Amino acid sequence: MQRLFAASDGLEDEMKTYGRRNIALLTIAPTGTTSMMSQTSSGIEPVFMVSYKRRRKVNPNDISAKAAFVDEVGDSWEEYNVFHHKFETWLEVNGYDVNEVKRLDDEKLKQIIQQSPYFQAMANDVNWVEKVRMQGAVQKWVDHSISVTVNVPENVNEELISNIYEEAWRSGCKGMTVYRDGSRSGVLVKDDKKKEEDKTDFKETYAPPRPQRLPASIVRFQNSKEKWVAVVGIYKDRPYEIFSGKADDFFVASYVEEGWVVKNKTEKGKTRYDLEYEDRDGFIQEYRGLSRTFDKEYWNYAKLISGILRHGMPLPFVVDVVSSLSFETESINTWKTGIVRALKRFIPDGEKDAKGTPCPECGEALIYKEGCLSCASCGYSKCG
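Numbering (my numbering), first residue to last: 29 to 412.
In case anyone wonders, no lab produced these hints; they're calculated from the structure.
Bear in mind the structure is a predicted one, so any value in this text is a computation, not a measurement.
All residues carry an ideal CB built from backbone N, CA and C; glycine is no exception.
Incorrect hints may appear among the rest.
[Stated by the list, open to error] Distance condition first, Cα-Cα at most 30 Å in a straight line; then the derived DSSO-like pairs of lysine-lysine:
no., residue 1, residue 2
1, Lys-383, Lys-372
2, Lys-231, Lys-253
3, Lys-255, Lys-296
4, Lys-44, Lys-85
[What the hints assert, rightly or not] Okay, the calculated beta carbon distance ranges per label pair:
no., residue 1, residue 2, range
5, Ala-165, Ser-69, 56 to 66 Å
6, Phe-230, Glu-379, 20 to 30 Å
7, Asp-348, Thr-68, 12 to 22 Å
8, Lys-231, Asn-183, 28 to 38 Å
9, Lys-231, Asp-348, 18 to 28 Å
10, Ser-405, Gln-67, 23 to 33 Å
11, Gly-203, Gly-378, 16 to 26 Å
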């Protein structure tokens with residue numbers, strides 16, 4: 029305030045005479061999302077990236093929500109690819125078709141970005157310490173904080189982070205945020221291709237946190253002469269968990285083929301899985317207690333299979349593992365076949381089975397097509 033008084037004659041006397049309406053005169057709020065909504069410049073905040081994936085937080089209890097990602101704290105997000113709006117303007121001015129550019133591979137897109145004014149001027153390209161000095165120059169005339177994030181690459185060292193914070197202090201900044209790429213899930217995500225993994229490594233995996241509500245597919249099958257059912261919870265378009273037992277114990281109309289598995293707590297604090305589904309009149313019905321509906325023996329086998337599923341084993345291998353299980357009781361062997369049939373439905377077309385089984389007629393490798401192993405060369409199908 030003393031700087032403002034020194035630079036503006038009479039301002040101090042006016043304030044002493046008339047007072048001031050607000051505790052602060054100026055502040056600079058976050059401008060990343062705001063600038064995208066208003067389709068304007070982001071001010072002193074450099075463009076994060078001109079091509080990226082953006083995440084939008086969604087309510088996991090919303091039936092219409094399609095959560096593509098759940099972060100480490102359990103929040104659900106949906107993802108979509110976008111260009112920065114000003115980069116799109118530059119493309120249009122220079123004769124590019126924006127939709128066609130979005131379909132280009134990474135290398136060709138990179139070449140176009142290198143021709144644009146954004147090349148080497150994005151958040152990870154600028155001199156980070158100089159950026160802090162610029163913020164300090166602006167802070168001199170702003171009596172509240174400035175919301176600016178210093179984006180640094182994943183491989184920066186602690187010394188650089190220390191220099192950024194020390195320079196913020198020297199420059200008179202009231203606050204400073206540093207985001208190291210990859211340090212948390214984030215809202216803006218680089219759309220890089222995944223690095224090739226060394227398949228000889230033995231790696232531990234961690235199951236993604238389960239949203240409270242998962243879409244579910246209901247599969248009915250025969251176990252010997254009995255009718256059985258499997259409820260498959262789906263996460264990111266692949267099976268995450270499975271519940272199975274006799275259809276006689278499952279009091280849901282036979283026309284219901286999909287719904288949602290909801291994880292709840294009982295009054296005693298124990299986990300309970302409920303099924304919600306839409307009836308023919310469009311009303312949501314609730315079937316409580318999948319966990320108590322089915323026989324405990326089958327329930328335990330299903331828990332083991334669910335553990336394999338949620339830790340990311342490729343589905344052809346899951347099918348192979350379940351198929352190779354050996355039981356003395358015939359009914360369990362038939363049940364196992366039904367579970368395999370239910371899981372095969374989710375294997376993407378074109379996938380080979382775990383053993384790379386050759387076609388018995390022409391020798392080409394069999395691939396999955398609509399849940400059935402088939403030969404793309406001669407038309408042979410294990411399903412007949």
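Against the structure shown, which of the earlier numbered hints fail to hold, in ascending order?
2, 3, 4, 5, 7, 8, 10 and 11
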